[in-house]
Amino acid sequence: MANNFKKVTCATTPYEGQKPGTSGLRKKVKIFQQENYTENFIQCILSAMEDKLAGSFLAVGGDGRYYLKDAIQKIIKICAANKVRKLIIAQNGIMSTPAVSCLIRKKGCDGGIILTASHNPGGVNEDFGIKFNISNGGPAPDSCTNSIHKLSTQIKEYYICPDLECDISKVGVYDYLVENEPFRVEVIDSVDDYLELMKEIFDFSAIKQLLSGGFKILINCMHGVTGPYAKRIFIDELGASADSVVNGVPLEDFGGHHPDPNLTYAAELVEALKKGDFDLGAAFDGDGDRNMILGKKAFFVCPSDSLAVLANNLECIPYFKKSGVKGFSRSMPTAGAVDRVAELTGKSLYETPTGWKYFGNLMDAGMLSLCGEESFGTGSDHIREKDGIWAVIAWLQVIANLKMSVEGILLSHWEKFGRNFFTRYDYENCDSEPCNKLVADLEAAIEKNTFLKKSFTSNNKTYVVSKVDNFEYTDPVDKSVASKQIKQPAEEILKPLIEIALKITKIKEYTGRDAPTVIT
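For the sequence shown, the positions run 0 to 519 when numbering that gives the first Met the number 0 is used.
These are computed hints drawn from the structure, not numbers from a lab. Among these hints, one or two may not hold up.
Claimed, not checked - Dumping the calculated SDA-like pairs for lysine to any residue here, alpha-carbon to alpha-carbon at most 20 Å: (1) K502 x N448; (2) K296 x G275; (3) K68 x R25; (4) K447 x V463; (5) K415 x V397.
To be verified - Distance ranges between label pairs, derived from CB positions: (6) D191 x P317: 16 to 22 Å; (7) N400 x S240: 21 to 27 Å; (8) E414 x I445: 34 to 40 Å.
Beta carbons are placed, not taken as given, at the ideal position from N, Cα and C, and that holds for glycine.
Could you put the whole structure together from the sequences, leaning on the hints where they help?
Below you can see the structure in the form of structure tokens.
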């Protein structure tokens, strides 16, 4: 038992803008490094737990980006001073977002603090993020994040044990006394529990047989958190060759690259697949919850199609053979390919706002098995986060079962269900003021039905706007309402519609951009 540590009450003042979004609070590292900035937000997360705080058990992990270890030490010190009973922390702090969700559910944690800015760049001049997941393993609901934000505007003090130090580089159990109360930090190998869950979900022997039979994969971890997971699962457990995983060492700046698994930022994977040496390629984002799937010669699987293919083949996965398929869901901006599967298979389909917490409500109510977003997120009810590694293993399970190529599976799927064409335009690092004006003007036009029944022509094709609305969602479980979900619909087949969308939104005028940063 270590020394009996004292807690200290530190006076502080609020910072503006500590309002968590759908994926927590994301800011530049230098903002988090301001005096008391990180401390304030952590204290507000804990204070929002109210009567569940004292004696609580929390999981902590992050994607390995710059400032992670500093933030974890602050979390340990502040949790100790707030009468948290136990923390379970990944070795060196590195744990994927899906693995944190898995850990919370498996160990019965009261919640978890995840340190990530997801697919955003990392480094001393780049992004950092903190988000809170609740006891179901999923992102905190609006009621919780609203409480955190309100507390952040009123905070006057936080509590900390400044002298308490914990070496998170070594797996082990560390016990302390904080003003005569026990406090424990357990440092774990972050892959173990997640790997165990994957073995319960999938038939590893069938996938191993596929890979041993000459089916070659290339997994690009983009120097994010998934490196250790990919090596253990795809190489050690499933028998892929040692060179099947690249960029597998987590780096604080992701090797100077943007850890977003799309055709723009994962171009290295695309070029490697074009050569025809690999049958499946995959890339993940910084914290491991997003994925991109490519087939031989870089055949691109749109995230909307990936969701639909998995939905149509879920029952070849042992987990779903046992639990059954309850229903499907997609976010509003995601193309309706999975809707076609739901209709023909007689499953329920839910269209939700962007944000995994909406899927979590449906899962907890036993209404949902599989869900996804157009932003390269796919997941199931095995946890309450989207899960990149899971999605790739699921694809390998489907391929092993159907004994078809990635392209063959998609062509067969389109032949049966038809094809939904979809594209997404991302305009990154634009000034917020004109973009807010863009949305405000578009909302005003929608309110006045300016575009309804109006004709637009591009490339000698004319389209008439049949429906205009600002998406609003009433949760079928708790009846909460999410509004203000507007997103503009966004290459050759969709080109006329894209030109019309750009004309309606006046996006070039507002952003000053002739083209988006990323096209999906």
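Status of each hint after checking the structure:
no., hint, result
1, K502 x N448, "holds (16 Å)"
2, K296 x G275, "holds (5 Å)"
3, K68 x R25, "holds (17 Å)"
4, K447 x V463, "holds (17 Å)"
5, K415 x V397, "holds (17 Å)"
6, D191 x P317: 16 to 22 Å, "holds (20 Å)"
7, N400 x S240: 21 to 27 Å, "holds (22 Å)"
8, E414 x I445: 34 to 40 Å, "holds (37 Å)"
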